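*Asks:* Listed below are the residues making up each chain.
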Amino acid sequence: MPFAFDHCRITRKAPTRRAGNDPKEEKMTRRILLSAGLAALAGLLTVAETAPALAQARAFVSNERDHTVSVVDVDSLKLIETIKTGRRPRGITASPDGKLVYVCASDDNRVEVYDSKTYKLVKTLRSGPDPELFVLAPSGNPLYIANEDDSMVTAVNTENNELVAEIPVGVEPEGMGVSPDGRYLVNTSETTNMAHVIDTTTNEVIENVLVDSRPRYAQFNHDGTQLWVSSEVGGTVAVIDPKNGWKIIKKISFEIPGVNKDAIQPVGIRITKDGSTAFIALGPANHVAVVDTKTLEVKKYLLVGQRVWQLGFTPDEKQIFSTNGNSNDISVIDVASEKVLKSVPVGRLPWGVVIVP
Amino acid sequence: MSFVPNRAASRLPLSGYLICMAGICWRESLRFVNQRGRFLSALVRPLVWLFIFAAGFRSVLGVSIIPPYETYILYQVYVAPGLIAMIQLFNGLQSSLSMVYDREVGAMRILLVSPYPRWFLLLSKLVAGICVSLLQVYAFLAIAWFWEVEAPPIGYLTVLPALLLSGLMLGSMGLLMSSLFRQLENFASVMNFVIFPMFFTSSALYPLWKVQESSLPLWYVCQFNPFTYAVELIRFALYGQFEPFSALVVAGCSIVFLIGAIIAYDPSAGLMGRRGGPDAAK
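From first to last, the protein sequence lines stand for chains F and X. Just so we're aligned: the first sequence equals residues 1 to 357 in the working numbering. Just so we're aligned: the second sequence equals residues 1001 to 1282 in the working numbering.
Just so you know, the hints here were simulated from the structure itself, not pulled from any lab data. There may be inaccurate statements among the hints.
Quick list of in silico lysine-lysine cross-link-like pairs, DSS-like style, CA-CA up to 27 Å [unchecked claim]:
#1 Lys117(F) x Lys78(F)
#2 Lys318(F) x Lys339(F)
#3 Lys251(F) x Lys342(F)
#4 Lys261(F) x Lys318(F)
#5 Lys243(F) x Lys1210(X)
#6 Lys1210(X) x Lys299(F)
A quick note: this is a predicted structure, and the numbers were derived from the prediction, not measured.
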């Protein structure tokens, strides 16, 4: 509360006594200073009240069962808006400038684009059948969409809604990751158990990496030196080296005291920009694993809501949000202290989250 | 001749009261520290619950968020305030029951020759008991901190007034009970008939909504158990929050138990005289 301190400073200065002053004058001066202080405080309070209207980080959470997107203010952690979307919204991402939010309306077979300030639908994009997850190229165009029923990855131009490419991949494609330079696109296919590496210049699969059963999610680290792929049924996360023939460096496995091994199903992955820490959502295990990216060992398990699915950093990366599908809420994790701060109710079956500045 | 009452009053100055209370507290602390077995058992008892009992139920509460918690917590975090209250319950009863021992060996006679009013001596005895329980509670919290039972830093301070109040309630309850015993009886009977029922029929081990789900009669019992409110008062205070209803219940029970104890220990009106305590022999 900086304004409170400012006010203190003003009022503290007020009683300074000068020798030889008339007591009445001094009283008057005090009054003037006090009222000035109060006016300043009132002014600051007004500024503080109007401040939320200015741009503040907001989390957009797709609620699969409610067909809505919940908007949560990141500072107050209050639900500020619920946007009605197409049926079964799952994958959710934002444009690089944070002005647009893309939502996969899986059962309506389209991608909906919302204005992140007005929460209005701006346009819809073609998606191919049953889009579940997508990834935006680092430049903001095109959008790569996994078509679960079609064994296909569809690339769509976000400007003019034109189909850029349709790339055949394995059965039940889902996870989508793109390298920071935009050169490589990685898709995981749930039934084929592979991560397919696609060269975005030719839109062709150049490498297939066999991982553990039911790969769900692919995530590059920020310098593109590692690719992390989570396997839901296999219960592991494969760390792959893109610079060395896409070889698996290590498969990280998990063990949580008091939790059945079968319940540990890694899904969403996020890695900090400094590349030091990875957070992995462990599905029905109701925990998020914190992994040291140097040693590739799990440092800690954090208890969150039920069936934790996807994760999203705040723009300053001080916090990471998890969507907890079965408990219908999101949990807020402090990145520095690696502690869960709070859980906030959203819509039913929250699936994915993106936070815009 | 206004000197006489003045002189009489000057015999018992405020500082004298404080010296008297400090003396009683000091005696209790020395007794506690010298009884290493008691110190160890006071610490080991809740830790066994925390390390062994709570470990088995580690993730059992990951289904609902109840105030003062803002997110999902492990069972060991939930059970910690209950264990703190358990420390105070054991300590309150043990320290008050030591009055029975004092009465038997004659130490109480020495205490009662003090010119200070009896209610003050009883209160001092209570304060001494609370001080000892605070030592135990903070030692427990320090160990529990390494076991991922971490309250917000301010909580370790805000829990102090709650501990004082709950300590007062449980201690005065013990005092009242101790006035009913003629001899130092087997502590096991107190454990069986007071400590365990109070501990198990409270929100110490399970949240009340869970108790209500599984057994409605038990839930009613929990609602009428003052120990429940001591646990909840401590639980909220440990997270920097104030729970007014629990505070009111605990304060009310403290007053009732304390007045009861003072009356019971009053040689002219109390149970002690009637039951043949040291004063009755006079």
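*Asks:* Hint by hint, note whether the structure agrees.
*Replies:* Hint by hint, here is what the structure shows:
1. Lys117(F) x Lys78(F): holds, 16 Å
2. Lys318(F) x Lys339(F): Roughly 11 Å between the alpha carbons, so the hint for Lys318(F) and Lys339(F) holds.
3. Lys251(F) x Lys342(F): Violated: Lys251(F) and Lys342(F) sit about 31 Å apart, past 27 Å.
4. Lys261(F) x Lys318(F): The hint is violated at about 30 Å.
5. Lys243(F) x Lys1210(X): Distance of about 54 Å is beyond 27 Å: violated.
6. Lys1210(X) x Lys299(F): violated, 32 Å
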